[in-house]
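*Asks:* Using the sequences and the hints, build the whole thing.
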Amino acid sequence: MFKRLHDTPTVTIKVNGQTVRARSGDTVAAALLAAGIDHCRTTPVTGAPRAPYCLMGVCFDCLVTIDGIGNRQGCLVPVREGMEVATQVGKREAGR
Amino acid sequence: MAASEYDVVVVGGGLVGAATAWGLAREGCRVALLDEGDRAVRASRGNFALVWVQSKGLGLAAYAGWTIRSSEAWAGFAGLLKDETGLDVCFQRPGGFHLALSEKELEARANVLKRLHNQPGIVDYKTEILDHSQVAKMLPDIGPEVVGASYCSLDGHVNSLRLFRTLHQAIHARGVAYLPSHRVDDIRREGGTFRLFTPQGEVRAGRVALAAGNANMRLAPMVGLEAPMKPERGQIVVTERLRPFLNYPVVTLRQTDEGTVMIGDSKEEGTDPARLTLGVAATEAERAVRQFPLLANVNVVRTWSAIRVMTGDGFPIYDESETHPGAFVLCCHSGVTLAANHALTVAPMIARGALDKSLVAPFSARRFHVQEAA
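Protein sequences, first through last, are from chains R and X. Under the UniProt record's numbering, read the first sequence as residues 1 to 96, first letter to last. Under the UniProt record's numbering, read the second sequence as residues 1 to 374, first letter to last.
FYI, nobody ran anything at the bench for these hints, they're computed from the structure. Every residue gets a Cβ at the ideal spot worked out from N, C-alpha and C, and that includes glycine. Worth double-checking, as some hints may not be accurate.
Computed spacing ranges between beta-carbons, pair by pair [said to hold, decoys possible]: (1) X/Lys104 / R/Gly17: 56 to 62 Å; (2) R/Pro9 / X/Lys104: 37 to 43 Å; (3) X/Lys230 / R/Lys14: 21 to 27 Å; (4) R/Ile69 / X/Trp304: 21 to 27 Å; (5) R/Lys3 / X/Ala173: 55 to 61 Å; (6) X/Asp356 / R/Ile69: 53 to 59 Å; (7) R/Val89 / X/Gly121: 31 to 37 Å; (8) X/Asn299 / R/Gln18: 22 to 28 Å; (9) X/Asp83 / R/Gly47: 24 to 30 Å; (10) R/Val89 / X/Phe197: 54 to 60 Å; (11) R/Lys14 / X/Val112: 50 to 56 Å.
Here are a few chain X residues that face chain R, going by a calculated C-beta distance under 7 Å [what the hints assert, rightly or not]: (12) Leu242; (13) Arg243; (14) Asp257; (15) Gly259; (16) Leu294; (17) Asn299; (18) Arg302; (19) Ser364; (20) Phe368.
*Replies:* This is the structure we're talking about:
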């Protein structure tokens, strides 16, 4: 759906164990969208799929697990080399 | 004078008033429920939602029996509401814990229970003291600092916001006239009719039941009753939704049916519900993490403070007026726990026109007058 204009991806992160290339300065949410990942979580109540939406920290639809910590807002966290991201299913598990 | 439009007018649209109004409507009464507006200071929107037995009744043995009566009636009460509205208030009674974070706390806990059970006339509700390993079998996620707990099998919890909504839906379906923005300025009894004056006009009824929480203090003297109240503020911290990990409510911490964890048991003097004290919330959160270390990196999504309805001695007040026959007052801290009693026991008494002394005599406000009580 999205394609990069001309920036060359330079950072490598893992999403659900798969390698994803991102640009330095991308947020996690932007990197997921650029990689064509069309949903990052399902909701805790109805299990509906959700993708990053507002991209400015307001809507909480881009929640993902980052380096083992659940329910982090992907749009507010810049990618970092070696970062491990996991998409979420339903409610977060306490302790991770 | 025009005949009364209503058999009973209930003043106060919170949990106590709504449960009472529903019970009255079930008895066939024509009922009006007078309420304040959306900005009312409302304990029913801020409470912790326990249906709780353990610890109740130290200093007034009858309160333990009264609480157990409601706890035992709660499942049936929830069932009746579900039949009428289709809504599930998520009542669960798996038993509940009071955790101790030091030997000293556990000893203090055991002492309170011993004193409670040593009172004459007490109903023994079998609260056990458990050590760390016994607690860990039921609550596997407790931290190493939890030395033990008291456990009472009668304790439970409910979704209290849904209870509030369900009661209002149920009274609506039963034809109760819900009248918001009807703050009562004055009440007069003339020729056997109560006239209640509000900014929206006058409401008349043959009987009046005051269920206005801390505001009963202002209203009760209008009908020859009294309701000495001592409001206090409590603060609650709420986390994001988590997968179920806590199968029992703890007196300071519970996981709701929707997955959020509510934390809080603070008590502060004060009646300003807009005020939050960060230190209090932080202390609550810190104790919660010591009890359940897996909460350490969980996100908090809300905190709020609310004003507890609290009588002068913490026990309920149920009274009927001698000077104004047909006027009743209901005050209690535990509007959730006692909701089943208010709907199924107290409301029928009001419908019959007299309190059943064998059940509620110990809760008369006359106890606040030492000479009369002696």
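*Asks:* Of the numbered hints stated previously, which ones are contradicted by the structure, given in increasing order?
*Replies:* 1, 2, 3, 7, 14, 18, 19 and 20
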